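Student: Construct all of the structure, not just a fragment, from the sequences and the given hints.
If you're matching positions, the sequence shown starts at 1 in full-length UniProt numbering and goes up one per residue.
Certain hints may be false.
Unchecked claim - In silico DSBU-like links for lysine-lysine, alpha-carbon gap of 30 Å or less:
1) LYS480 with LYS413
2) LYS476 with LYS396
3) LYS349 with LYS396
4) LYS349 with LYS419
5) LYS396 with LYS413
6) LYS480 with LYS419
7) LYS426 with LYS349
8) LYS426 with LYS413
9) LYS426 with LYS396
10) LYS396 with LYS441
11) LYS476 with LYS419
12) LYS200 with LYS426
13) LYS480 with LYS426
14) LYS200 with LYS396
15) LYS396 with LYS419
16) LYS327 with LYS396
17) LYS441 with LYS349
18) LYS413 with LYS476
19) LYS200 with LYS476
20) LYS349 with LYS413
No lab work stands behind these hints, which were simulated from the structure alone. This structure is a prediction, so every number in the text was calculated from the model and none was measured.
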Amino acid sequence: MAASPKNKSSLSFSSFQFSSLPPGELDCADHELGSPDKPSEAAPLRSGGGPDDTNSLLDSDTDYDSDSDAVRGGPDLGQKRTDVNSLMSGSDFGDSPSEDKKLHEKMTFDHWKHEQEHSKITHTPPKISRWINFLTWFTPYRQLFVLTFGVNFAGITIVLSGYWPWVLRHLSSMVVGNVLIAIGIRSEWILRFLYWVAIKVFRPTMFPLWLRVKVVGILYHIGGVHSGCGLSSLLWLTVSSSVYFQAASVHNVVTLVSLGICQACLYLTCLSAFPFVRGRYHNLFEIVHRFVGWIGIISTILFVIVQSLWDVVNQRWDSSASRLITKPELWFLTAIVIIIGLSWITISKVPVTVYTSSDKASVIRVPGGLTSGLHTRISLGGLREWHIFGSISEGKDAEYHYIVAAVQGGFTKMLNVDKPATLYTKSWKPCGLPYFSRLFKRGVAMCTGSGIGAVGSTCIQHDNWFLIWIGSDLEKTYGKEIMQLICDRIPESRRLIWDTRGPLGRPDVVRLLQDTYKYWDAEVTLFIGSPDMNNNILQSCRAMNTPVFGSIWDA
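Tutor: The following block contains the structure:
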């Protein structure tokens with residue numbers, strides 16, 4: 001699809017030159033790729049005449065609607081298009097309107113690409129204020145965490161002040177209720193449903209851009225609710241344990257023991273989830289989160305049953321069913337067990353083909369096609385640990401989809417060296433940020449290295465998305481299969497593949513993303529790269545009021 005002639009910028013394409021970013025920052029193979037389990041940050045978006053975006057556009061001195069310039073001042077970018085059109089007006093066109101359109105697309109794209117590759121004018125980086133730094137850090141993920149944890153903390157404060165006696169009698173319900181929300185909000189079944197509803201409801205163009213982006217920000221950062229409810233359940237359980245152990249003489253010993261096990265399991269689970277622990281000891285985090293979590297749920301079930309059937313007043317057992325089925329926590333636990341069970345029923349062992357063109361990355365071919373925006377979980381054994389990767393596919397009816405796995409840990413190194421013939425996967429796939437590409441008329445996806453796995457399908461299956469893929473020796477690193485797939489399925493007018501080892505060197509990614517956003521007349525942009533580059537992109541685009549989503553690693 002050709003770029004719209006609509007001019008959204010007041011900056012010339014030739015107003016920038018290339019910077020000197022460290023080579024490591026331009027190869028995602030050395031960094032972990034963001035995933036649905038690791039939501040993305042969002043930089044500020046044009047307001048469309050309404051409220052600010054997910055992170056709030058408080059750093060802007062001027063309000064911009066959805067059709068206004070992202071950056072003010074500077075020479076007229078429209079002159080470049082005028083020059084192209086003037087050249088075309090004297091050209092020989094094809095014999096049909098479709099040929100004319102293709103010629104127009106090619107000439108416009110070639111001119112734009114030439115400007116990107118040969119610009120020599122210095123780019124002045126945008127000024128990043130402390131306020132922009134704070135807003136970039138205070139992502140919707142953290143906002144949701146603060147909101148969720150804050151509401152629970154306020155509730156606990158009210159209870160301890162003696163103003164909410166009903167809750168004091170139902171502390172177990174508050175504990176299990178928070179655990180249910182924490183687990184449910186991470187369920188791939190529930191998330192797929194929420195994503196599907198959001199797409200169906202907010203897809204019509206009647207909704208302004210700022211609202212669509214806010215919806216994306218909330219859903220993609222919904223892990224903040226998971227963390228907030230998880231930590232809140234620990235606080236409620238601490239209060240509950242205090243109440244029970246202060247009156248230990250009237251409670252059955254099984255009640256107290258199971259409660260103590262619950263407390264220990266929840267402490268371990270929350271501690272292992274802190275970023276400084278999870279980042280350094282990720283395999284340990286997965287083991288604790290899974291197996292200790294299961295022990296905690298089993299002990300909670302035991303606690304609820306025993307506590308319900310033990311008559312504290314008469315100090316005897318009462319097996320009346322009504323004592324148990326009237327407990328809200330019993331039904332919360334039932335829902336938890338169902339949600340956990342659903343995450344395991346679609347597991348299957350499938351044959352795979354592992355391509356290793358280099359020792360930096362592997363490409364895994366997995367049976368079955370996928371719609372854009374879906375990712376793939378794979379495991380060697382199916383029980384201990386699962387790893388999520390972006391998936392490249394031509395469509396849901398395709399014969400295969402491809403995983404691009406950068407070698408950056410024990411599991412990915414095993415894939416590269418051992419080349420397993422089979423892997424466990426889940427047929428019910430999780431959604432990633434690119435799934436929301438359907439909400440926007442036009443977009444730009446920029447990735448470095450193995451980030452192509454996250455955005456490749458979006459640009460293959462949607463002709464209103466433009467791809468920028470940056471990295472060193474891309475074909476040598478990731479193989480001919482992926483490079484051929486990208487080049488065959490994405491027209492040259494919708495892609496820019498930038499080899500940093502080539503004569504062009506390393507690009508200024510901020511300038512390149514900003515220029516492409518304006519050239520393509522995009523509503524949003526998406527960046528998948530290393531943490532340092534991601535932070536730089538988010539801050540710079542926020543300063544320039546360019547809408548951008550990027551991966552984060554704190555979910």
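Student: Each hint needs a verdict: does it hold in this structure or not?
Tutor: We went through each hint and held it up to the structure:
no., hint, result
1, LYS480 with LYS413, "20 Å, holds"
2, LYS476 with LYS396, "28 Å, holds"
3, LYS349 with LYS396, "20 Å, holds"
4, LYS349 with LYS419, "15 Å, holds"
5, LYS396 with LYS413, "29 Å, holds"
6, LYS480 with LYS419, "18 Å, holds"
7, LYS426 with LYS349, "9 Å, holds"
8, LYS426 with LYS413, "21 Å, holds"
9, LYS426 with LYS396, "15 Å, holds"
10, LYS396 with LYS441, "21 Å, holds"
11, LYS476 with LYS419, "18 Å, holds"
12, LYS200 with LYS426, "25 Å, holds"
13, LYS480 with LYS426, "27 Å, holds"
14, LYS200 with LYS396, "19 Å, holds"
15, LYS396 with LYS419, "26 Å, holds"
16, LYS327 with LYS396, "44 Å, violated"
17, LYS441 with LYS349, "38 Å, violated"
18, LYS413 with LYS476, "18 Å, holds"
19, LYS200 with LYS476, "41 Å, violated"
20, LYS349 with LYS413, "20 Å, holds"
Violation of the numbered hints given earlier is confined to hints 16, 17, 19; the remaining hints are satisfied by the structure.
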